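J.: Chains as they are written, first to last, in this note's numbering: chain A, 1 to 275; chain B, 1 to 276; chain C, 1 to 121.
Hints listed in this document are in silico derivations from the structure and should not be mistaken for laboratory results.
For clarity, every value in this text was computed on a predicted model and none was experimentally measured.
Check the hints yourself; a few may be wrong.
What the hints assert, rightly or not - Computed Cβ-Cβ distance ranges for the label pairs, DEER-style:
#1 Arg73(C) - Val58(A): 57 to 67 Å
#2 Ala86(C) - Ala65(A): 19 to 29 Å
#3 Ala86(C) - Val91(B): 16 to 26 Å
#4 Gly37(C) - Leu92(B): 37 to 47 Å
Said to hold, decoys possible - Chain B is nowhere near these chain C residues, computed Cβ spacing over 12 Å in every case:
#5 Gly27
#6 Gly37
#7 Leu54
#8 Ala57
#9 Phe74
#10 His75
Backbone N, C-alpha and C fix where the C-beta goes; we use that ideal spot for every residue, glycine too.
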Amino acid sequence: MSMASASERSPMRRALDRLVWRLLPLTPFALVLVAWVVYWAVVRPPPATLPAVQDVVVAMWELAAKGELATHVAASLWRLLLGVLLGVITGVIGGFIVGLNRPIAEFLSPLIVFFNAISGIVWLPLVIGWLGIGTALAVFLIWNTVFFIVFQNTVLGVQLVPQVYEQGVQALGGGRWETIRTVTLPGALPYILTGLRSGLGFGWRALIAAELVGATTGLGQMIFGATEYHRSDIIIGGCLLIGIIAIAMDRWLLLPIERRTIERWGLVFDARKEE
Amino acid sequence: MSATAARSALGHLPDHRTGCVAWRWLRGLKILLPFVALVAAWWAIYLSADFSPQVLVSPLAVWRAFVHLATYGVMAEYASTSLRMIGLAAVLSLLVGVPIGFAVGVNRYAAHALEGFLRFLQGISGIAWLPLAIIWFGFTHTTTLIIVIYTLIVPIIFNTMVGVRAVPETYTLALRSLGASRLRLVKDVYLPGALPSIVVGLRLGMGYGWRALIAAEMLVRKGGLGDLIFGARTFGQIDRIITGMIAIGCLYVVVDRLIVQPIENLTVARWGVLRQ
Amino acid sequence: MSDNQPARRRLPRLSLPGPEVRKIIAGVMLIVLVLFGQQLYGRATAAGRLDAALRGATGPRNVIVVLDFTPDRFHNERVAEYGVFAGRDGALNRLRLRNVTPANLARLADVAWVARIEPLQ
């Protein structure tokens with residue numbers, strides 16, 4: 001039924017459909033914006049409770065002009081980078097060591113489940129005594145969050161590589177390292193990347209939580225500090241910025257990496273399956 | 001070949017043995033042994049160097065702190081506060097989130113429109129909204145509840161949408177051609193079809209929500225395990241902090257593995273035919 | 001596509017309480033224990049706490065709440081909810097409470113970590 005009408009649709013109609021499809025995700029944002037403006041115009045709440053849209057924009061602009069915003073964003077991103085890097089490196093290495101060794105994997109599994117349950121901000125009261133307030137604390141909490149996610153995904157990926165392929169390489173004379181490099185690593189890569197993507201999202205959220213409580217700079221601290229002065233405009237602006245950075249990281253950093261590597265290795269595996 | 005390799009790689013015991021009592025005890029031991037080893041390693045580290053009680057305490061001190069807190073009512077009250085909060089948040093999130101997910105999920109365009117917005121909201125974690133919630137509602141339980149509901153409801157709505165969208169149109173068309181009412185359609189096709197996905201969303205949400213709860217309790221300081229461990233920090237009571245951390249971990253594992261995951265497994269087994 | 005899918009979960013046997021249902025029962029019992037265990041224990045042992053002179057009280061009374069440990073601020077706060085806190089009675093673990101209504105007296109007796117409730121002369 002719909003097939004016939006699709007071929008009958010003019011190219012312009014199809015282009016319009018595509019445009020509408022592209023713009024649809026913006027509608028909830030537009031609706032919220034409209035609701036905000038209308039509510040503010042009708043109810044006129046005190047600025048501490050709900051600032052006007054323009055107040056938020058102005059506040060963020062001021063912070064940006066003073067250079068403060070850049071400082072906070074840079075501090076947060078720097079901590080995120082350190083934490084994620086440490087988390088991914090330790091997670092992948094640990095994941096490989098454990099994943100390739102089934103008795104150890106079984107032994108450690110309950111511990112991993114437990115520590116995953118308390119990963120992140122739960123460590124804050126303990127670690128703040130060791131590392132004080134600041135970057136070290138934030139990096140530890142991010143490392144903690146990212147490590148367990150990447151570790152678990154790596155272990156899963158390594159374990160799920162079909163043994164046939166590993167045995168194949170070994171039968172052809174490949175050593176341990178070669179097997180890992182040519183079979184296990186590409187095979188586990190999709191899972192590792194999923195873990196990385198998850199970990200980045202979790203890590204960013206954990207960072208903001210950590211900065212709310214124990215930092216002197218950074219976006220989380222900027223938001224929490226503004227509470228004292230009832231600067232809701234800074235808080236709302238900061239929250240929106242946090243969300244924008246989260247989406248930007250996921251969309252423009254990770255999705256392309258994932259697409260390029262999984263496409264590459266995924267194709268390899270599909271071909272092998274058909275054999 | 002790959003299926004059995006995968007299962008053996010993940011360490012599943014063969015099914016015919018799971019009923020036998022001896023195997024159940026052995027499995028229990030397998031779970032406890034790593035923790036015994038961990039405590040032993042902890043004790044060894046503690047004894048090896050001269051740690052100030054501000055940095056590390058012995059497992060014995062932690063045990064004594066736990067006994068103290070448990071006997072004298074502190075642990076029960078703080079743990080109960082947290083449990084009630086997550087339970088209430090879960091119920092409310094389901095009551096509000098599932099209908100929203102249904103209403104949006106049935107329409108392709110509405111689902112596509114809402115997806116990006118939900119992802120954006122999830123990027124701004126519930127905790128980031130905590131300062132605003134504190135300004136609006138003060139340092140109260142309401143604030144904590146709202147933040148936890150926010151954190152829980154987004155994955156629930158998302159997964160409900162996904163679940164509803166996954167129901168093949170042929171099923172609904174078939175029933176409608178036989179004269180089924182809208183309500184019947186929801187009850188007999190959409191709800192069972194989407195249920196596995198909804199429960200997965202609940203499980204994800206509980207994971208995020210428990211974390212958000214602890215963080216919120218640390219800031220709002222009106223009870224709950226987050227308040228317990230953060231308050232103990234003020235007095236440098238490392239033994240209580242560690243006790244609290246262990247309690248937080250254990251409670252989450254109990255709720256997740258003994259309640260939510262079995263529900264998920266049962267739902268998938270019963271209605272999971274549509275899962276690809 | 002169908003046969004090579006790894007690890008489709010086996011349908012749990014739903015006739016007797018299967019392993020999943022057993023887990024849920026165990027989990028719920030543990031949670032109930034955490035939520036209500038101490039309260040129930042307190043109520044079960046309430047009889048031993050209230051001093052003979054205070055049983056069957058008809059009006060507000062002044063009491064000493066005796067604990068067998070050194071209370072934290074937590075305990076002081078909780079006890080103070082049942083009456084007017086009037087300081088200590090000699091030791092840190094003896095708390096004076098005035099104007100405790102009979103209803104609150106009963107509730108105090110239900111608290112598991114209170115050792116005794118004595119009348120205040």
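J.: Range hint 37 to 47 Å: satisfied by the CB atoms of Gly37(C) and Leu92(B)?
T.: At roughly 26 Å between Cβ atoms, Leu92(B) and Gly37(C) fall outside 37 to 47 Å, so the hint is violated.
J.: For Phe74(C), which was marked as not at the interface, is the minimum beta-carbon distance to chain B over 12 Å?
T.: 6 Å, violated
J.: Verify the CB-CB distance for Ala86(C) and Ala65(A) against the hinted window 19 to 29 Å.
T.: 59 Å, violated
J.: Taking the shortest Cβ-to-Cβ distance between Leu54(C) and chain B, state whether it exceeds 12 Å.
T.: 21 Å, holds
J.: Quick check for students: does the CB of Ala57(C) sit more than 12 Å from each CB in chain B?
T.: With a cut-off of 12 Å, Ala57(C) remains clear of chain B, as the shortest Cβ separation is near 24 Å.
J.: If I claimed the Cβ atoms of Ala86(C) and Val91(B) lie 16 to 26 Å apart, would that claim hold in this structure?
T.: Since Ala86(C) and Val91(B) have Cβ atoms about 42 Å apart, the given range 16 to 26 Å is violated.
J.: Checking the smallest CB distance to chain B, is Gly37(C) really beyond 12 Å?
T.: At roughly 7 Å from the nearest Cβ of chain B, Gly37(C) sits no farther out than 12 Å, so the non-interface label is violated.
J.: In terms of Cβ atoms, is chain B entirely out of 12 Å range of Gly27(C)?
T.: Answer for Gly27(C): violated, closest chain B Cβ roughly 3 Å.
J.: Taking the beta carbons of Arg73(C) and Val58(A), is their distance inside 57 to 67 Å?
T.: For Val58(A) against Arg73(C), whose Cβ atoms are near 45 Å apart, the range 57 to 67 Å is violated.
J.: Just want to verify: His75(C) was marked as not at the interface with chain B; is every Cβ pair farther apart than 12 Å?
T.: 7 Å, violated
Taken one by one, the earlier hints fail for this structure at numbers 1, 2, 3, 4, 5, 6, 9, 10, listed in ascending order.
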